[in-house]
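Chemist: Here's the letter readout for the chains.
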Amino acid sequence: MANTAALVFGAVSKTFVAGGMAVQALDAVTIRTEPGRVTGLIGPDGAGKTTLMRLAAGLLAPDAGSIEVLGIDVVKQPLLVQSSVGYMPQRFGLYEDLSVQENLDLYADLQGVPKRERAARYRELMHMTGLAPFTRRLAGRLSGGMKQKLGLACTLVRPPRLLLLDEPTVGVDPVSRRELWGIVYRQVRDEGMSVLLSTAYLDEAERCDEVILMHQGKQLGQGTPASFSEPMRGRSFHVSAGSIGKRTLQGRLSAAPGIVDAIIEGEQVRVVTAQGGMPTLPEALAGIEGLDIRPAEPIFEDAFIATLKGGQAAVTQPVADLATRSVAAATDDHAVIEVKDLQRRFGDFYAVKGVSFRVQRGEIFGLLGANGAGKSTTFRMLCGLLPVSAGEVHVAGLDLRYAAARARGRLGYMAQRFSLYVDLTVLQNLRFFASAYGLGRARARQRIHWALDGFELVEYANVTSGDLPLGYKQRLAMAAALMHEPDILFLDEPTSGVDPLARREFWQRINALAESGVTVLVTTHFMDEANYCDRLVIMAEGEVLAEGTPADMKARFRNEQTPDPTMEDAFIGLIEAHESAQQGSAA
Amino acid sequence: MNTLQRVLALAIKELLAVLRDKKSRIVLIGPPIAQLIIFGYAATFDLNDIPLAVYNEDRSVPARELVARITGSPHFRLITAIDHDEQIAPLINNREVLLVLHLGPRFSEYLKRGKPAPAQVIIDGRNSNTALLTLGYLRTIFTDFNIEWSRQHGLRGPPAELQIRPWYNENLLSRWFIVPGIVGLLTLVITTIVTGLSVAREREAGTFDQLLVTPMRPIEILIGKSFPGILIGLVEGTFILLMAIYWFEVPLRGSLGALYLGMFLFLLSAVGIGLMISSLAVTQQQGILGAFLFLVPSVILSGFATPISNMPEIVQQMTYVNPLRYFLVILRGVFLEGDSYALLFNQYWPMAIIAVVTLAVAGWLFRHRMN
Amino acid sequence: MTPMAAKRMRLRGMVRKESLQILRDPSSIAIAFVMPVVLLLLFGYGVSLDARNVPLAMVVEQADANTASLIGAFRHSEYFDPRPFENIQAAQKAFDLREVFGIVWLRNDFSRRLLSQGDAPIGVIVNGVDANQARITEGYIQGVWQTWLGDFARSQGVELQVPVVLEPRIWFNAAVRSRNFLVPGLIAVIMTLIGAMLTSMVVAREWERGTMEALMVTPIRIGEMVVGKLVPYFLLGMGGMLLSVAMALWQFDVPLRGSFWALTAASALFMLVALGMGLLISVVAKNQFVAGQVSIVITFLPAFILSGFIFQISSMPYAIQVITHIVPARYYVAILQSLFLAGDIWPIVLSNSAALLVMMLIFLGLARRKFHKRLDA
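Protein chains in written order, with the working numbering: chain G, 1 to 587; chain R, 588 to 958; chain P, 959 to 1335.
These are calculated hints, taken from the structure and not from any lab test.
Positions of the beta carbon are idealized from the N, C-alpha and C atoms, including for glycine.
There's no promise every hint is true.
[Unchecked claim] Partial selection, computed: residues in chain P whose CB lies under 10 Å from chain R:
#, residue
1, Asp1088
2, Leu1151
3, Leu1264
4, Val1316
Whenever a hint applies, use it, and build me the whole structure from the sequences.
Modeler: Pasting the structure below:
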């Protein structure tokens, strides 16, 4: 038995029919994972990760190929497989109206865990997940991270021999993410469990024993994370320049030939080149003083981007000049957004308690926080979507309570899920928003033209928006929010669920807008994206924990163990400090 | 100018959103036609082929003639002839027949001697309405028989005769009553469903926030969102109207203008209620449930199938806030009674008031019901 | 652990989970208990075919003792509310404004012809728009007329010569109360709605909340899932059912002439049919929104129109009569109306129960077959 592979896919194909079109979700995928290891399934949106998971769990039947789980043919004996695997779907459906204990009991019953073994197993799981104090709480009342941990506990109530986890860390704050990984590794160590885990966070790939890279239903490679990143040695660099900002530098580098990828990492720009060695780039780097180029330790993400993009330049096409007019340069000190002692109460619960900050013109300002930290509530109040309980909000110099319609005319808003009218075509959506913002006929025509060109939507103009690929939906949502050339752009988790390639493109556009003087306010839970902000606040439990530039934040947590702390380190540090302070005051 | 443009844009968008989705197109077309046909044919109080058993112990000519008059009527159908008492109960109990006509052995003897000859009729009263109607048909046949018998045998007829004339629906066809009502019923259902989900759907998709951050004012959103409901209601209403006139051949005697004025006011109030439900509902699920909770009582308490005047006083007062109540009067008034504007004034203004109130509340809810 | 023990444990887990969810979710309690009460009250009082106090315009062109006695006969009838009018024009105006439902018109030669030729016409106009109401009113008017004729003949000391007298005996509902037949029918309509609504969303809800995917990967069998879901909702539905029967008996004073046990057994059978229908909708729809809409359209309206609850099935066009055979409420309405008003009429109860049994097997069988542990099948 020990030599039986945990999971074997032999040339598995699976096609779905959606909207009259056949979509090849998996194309002749062949995989073999060894027992007792954590295998990461990595790929952008639409790579076929979820389909693969469901096939392994016996929830789907393959069109062609064979699947063996723990030596059992899934197609022939799905029930047998289902009694020895644990599967946590993307949204683990906890019964929110049942308590933590009742959810556990249900899965123990369904998995046939004998009554006498339960007490010990429950104790162990509750201890591991830190849910012990909450066993009687309804699952619906748990935080996002706790729900995810409970979902995992339910899946583990009878230790499965193979654990399938579909994007278990999506939408989970960094602290809970760390804990989830802890639990997974403990299972592998203690129970000898095999784990297959899919993720969209590329940094998590490094934590896996082995990685399977997928793209558009095809398997691009399988190996240890190092086996992917090692060939990149000599192609990864850190570039920084004292004389110009990191965003400008990144913009120039990503347009340069021979550069596959250029992203902001900390205070530097991380560059991946097409061939070994750093090209000289006389054009892109001309006239930059204090340029500092150093080889960087290759990481999985470098390999991922390089593999997916092949040899293409970082930006496939130059991002069209998005800013058609330049907002007056930020010479005056006048804040564009000013928030003073903002409060929001729901019943006797304070979702936001006394938040204050100022945002200058042309700044990219970030709101960071875990689920339930109050960032969305704050954000909604700033857009005028939620009445303010107490405090002041000035947006574009207008008090939202009195001049809401006028203030709204000057801001653009992009909601979390790219809220578009899915039944309308791209063109119909754009036309509608042009009219909704009261654009004149000539200007509307010009702006629609601009949107179709600038966001490369021309060929999709008559496609129903609901049928667009996710990345294009995001573009359309952004174009719609920019129809009226707003002074301020509000972005609510603009990149959640979007794959790393689309995220890069998106941030390039945002940078260009900010350079032209548009003020951008953004919420995100991707910690690495916080580096794109000029300044940011970190929120927890409705309060601002810290405000400053990303460099300031990280500097506060520099110590011997972590000489170069990441934004995630800073975030976790702040949350932990806040929690211990609270416990201190409570004691 | 801007307002007009924005409202128009929203109205067009709303209409496109409803019509471009295949599922909602089906919902708009399929059920109304099916319901129109089923209601039109099935929802009738007129009785045909009432199953009948005859227990005739008197084989004389007059008795046979009376039986023939009944069995010859299109309302009745002879199932069986029986010959003793014990057969009656099982036939009625098992619903094989609705009534048994019993003529005693001395029926013709009484008749010839000029004494009142009893004709016993046993009716299944499990459906009291059917029982009463059956009795009504029988009475008419018996009265005709009596008058003719009296004339033939030189007897004195009754000193006073009833001359009953039903106006507006001379043959008392149920269909003439039900089918115009369907125009009101179906336009109400369609309009409530279309508008009842319009805000909830946007809320679920997150587009309502997107709409609220544009410079649109609640009143503009309100007008823009009302438009498709009214337009679709008018189109469907017109279609059912045409079906009523040409397919079901219900006479249209009054002013079409008066009918459309009523329809417009009715749609406004239905849209108002739909939007109110919609802005209260967070999910489409709740929107559907809300629409259902509104539709069921408003159909029952409208006078669609059973008269309002039969309801207890307190229930009758509840019907005053039901727009369908007024529109049904307009529909039947215009179709059958040939009414025009003046006679319907008392139906117009309550609907106008309901429309103003519900639309105002809906507009207020748009902005004040967030989270 | 033996496979049987494991099966029992899974089944118990499912039943307990569903029961807990019912207890926690006020909406299913509301659907099972509040909705029948509200709907029964609403329908019970709102739907009535018994005309009472019908407003009638009385136009008497020349008043005397004879006209007074006729008007008096109308006044004494509980069905009418006679209102005097000066002349026919005034009465017609009130008629047009729908203030009165009909007109009784006694011309100035009424008494003369009554006493001489004996062919005095009593002009009656009724509003025929609502044909049913008009027919019933006509019947009542005829009743008043016949009573008055008898009284008049007696007062004149002559015998009224009526060749044939109709002697109706209405069985099971001598007072011809429409409520007695409407309320049992309503129970069928309401139970169809409640049964289908309770279950139509339970499977769809699991799909939408993502719990189904997690459930499907456990060793649970589809049959266990179906039974686990049915048991608690069946008990809940029967609770609502009992409440409705209690209301029929005590709130609406409908007699129960059949046996309570026959009623319970038939109701249990029907409840399973309704739950099975809801389950099937839910399994096929996979989406609460569609499931809710479909369950309203395909269960409620047919139960209302095509079950024989209010409209006589035998009077419908043949094609529609055929369709009524697939409406489960049709069979249940027949059972209920007989059990309540007529007693244990076994041929009716048994034949309709057999039809319900067949429908139950079909619905549950289909739900079981359509319910796969595969996402793509």
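Chemist: Run the structure past the numbered hints and jot down the numbers of the failing ones, going up.
Modeler: The structure conflicts with hint 4 only, although it agrees with all the remaining ones.
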